[in-house]
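Participant: Sequence:
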Amino acid sequence: MSDAKAAIRFFRAHANDYRIDPDRIALIGASAGAITALHVTYLRESELEGDSGNSGYSSNLTACIDLWGGLYDNVAEIDPGEPPVLIIHSTEDRVVPYSEVKNISKRCKEVGVYCSLHPLEGAGHAPWDRHKEFLPWILDFLYRYCARKE
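Here the sequence shown stands for residues 1201 to 1350, where the numbers follow this note's numbering.
What you were told as hints is all true, and nothing was included just to trick you.
Across the chosen pairs, the derived CB separations fall in these ranges:
| no. | residue 1 | residue 2 | range |
| --- | --- | --- | --- |
| 1 | ASP1279 | THR1236 | 15 to 21 Å |
| 2 | PRO1336 | ASN1260 | 24 to 30 Å |
| 3 | ILE1228 | LYS1306 | 17 to 23 Å |
| 4 | ASP1217 | ARG1348 | 14 to 20 Å |
| 5 | ALA1276 | SER1316 | 17 to 23 Å |
| 6 | PRO1280 | HIS1214 | 29 to 35 Å |
| 7 | ASP1279 | LYS1332 | 33 to 39 Å |
With a straight-line Cα cutoff of 30 Å, these simulated BS3-like cross-link-like pairs (lysine-lysine) come out:
| no. | residue 1 | residue 2 |
| --- | --- | --- |
| 8 | LYS1332 | LYS1306 |
| 9 | LYS1332 | LYS1349 |
| 10 | LYS1309 | LYS1332 |
| 11 | LYS1349 | LYS1309 |
| 12 | LYS1302 | LYS1332 |
No wet-lab data here; the hints were simulated from the structure. Each residue gets a CB set at the ideal place from its N, CA and C atoms; glycine is no exception.
Required output: the full structure, derived from the provided sequences and hints.
Facilitator: Below, the structure written as structure tokens:
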């Protein structure tokens, strides 16, 4: 997790080089990558920050996209004012149970964090080849939370 946080700090430090807005950084992950994205977004313990590079920059995110991942025992770490999350998950996932994301959605609702949960009915884990409809959901979410409004 500290490596992912270091990568976010790196992009902030080099935002001009990469022509990105350092105030609009989202993290997306699938399966274990989604578990990492969720933990990086919602767990704030200083020991998770690590000490590798660009310590003067924040590793906080603007938004999180979870493709079939979960937070497991850390759902209570989601606090008011945290970044919004888009969750796309199969109702029949046998690797990361659907109940995991229902818990995330419930916690977000309890604390007022925006959560958009899109269940994929009957799909298994990581249904890239069987469900193409989620790309517009991702783009809409990114536009809503990360696009510059002019």
